[in-house]
Amino acid sequence: MSSSLLAMGVFTLVGAITPGPVNVLALRHGAARSRLVSAAYVLGASASYAAVVWVMGQGAQWLLQTLPQLSTAAQWLCAAYLLWLAWRLANAPVGQAGGQQDGGSQRTLQALLQALLQGTAVQTLNPKAWLVALAGVGLFVLPHANAPWALLQFCAISLLACLVGVGSWALLGQLLSGWLRTERRQRLFHRLLALLLVASVAAMLA
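Going left to right, the sequence shown walks through residues 315 to 520 as our numbering numbers them.
Derived from the structure by calculation, the hints contain no laboratory data. In this text, all values refer to a predicted model and were calculated from it rather than measured experimentally. Positions of the beta carbon are idealized from the N, C-alpha and C atoms, including for glycine. Check the hints yourself; a few may be wrong.
[As the list claims (entries may be wrong)] Derived DEER-like restraints, expressed as beta-carbon distance ranges: (1) Thr422 <-> Leu456: 40 to 50 Å; (2) Asn460 <-> Gln420: 27 to 37 Å; (3) Gln420 <-> Val369: 45 to 55 Å; (4) Arg495 <-> Ala387: 18 to 28 Å; (5) Ala516 <-> Arg402: 48 to 58 Å; (6) Leu431 <-> Leu474: 19 to 29 Å.
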């Protein structure tokens with residue numbers, strides 16, 4: 315592995331595994347003890363981040379620098395969405411996190427689709443994703459003699475790093491699921507995650 319690929323990997327993994335709204339929700343999905351739903355959420359978040367990197371590499375970084383209002387609008391849109399998710403999480407029903415519910419194949423498919431779309435939406439609206447992608451494109455793509463090939467490499471590495479980073483939080487949630495056997499603990503866990511989401515919004519807007 316070349317030094318540039320290693321640097322790409324370290325950069326993207328650090329960005330993907332650090333705490334943030336995407337990983338807080340991955341923790342919640344993992345705690346629900348549904349591996350397929352967790353995997354769908356992780357896949358949606360990871361694929362959308364790779365798409366963000368590709369879009370930035372196609373010139374969106376110039377657009378964001380020219381029109382900073384777009385970045386501000388995205389921040390407020392993301393903040394509103396995350397606060398809505400935090401409210402839903404704080405008021406989520408308890409009694410389901412301790413075991414997998416059998417709701418039939420149609421209900422399972424609906425849950426998978428919802429998790430996939432939620433991961434895609436949260437990551438796409440996440441200003442951190444755009445800023446990290448912007449920095450990464452500036453560091454690893456634009457200076458490269460063969461920029462299209464470098465962008466392709468960076469997108470692939472970003473996808474893998476995000477799968478590992480967000481997936482690690484989902485796995486941590488699964489490890490915690492054994493502790494979440496009482497309704498009191500589940501309610502406490504939901505509200506703690508809601509507070510973490512609100513804290514993420516506050517840090518994002520600071």
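Hints, one by one, checked against the model:
1. Thr422 <-> Leu456: 40 to 50 Å: With a Cβ separation near 44 Å, Thr422 and Leu456 satisfy 40 to 50 Å, so the hint holds.
2. Asn460 <-> Gln420: 27 to 37 Å: Violated, at about 47 Å.
3. Gln420 <-> Val369: 45 to 55 Å: violated (34 Å)
4. Arg495 <-> Ala387: 18 to 28 Å: violated (43 Å)
5. Ala516 <-> Arg402: 48 to 58 Å: violated (18 Å)
6. Leu431 <-> Leu474: 19 to 29 Å: Because 22 Å falls inside the window, the suggested range holds.
Consistency with the previously given hints fails for numbers 2, 3, 4 and 5, ordered from lowest to highest.
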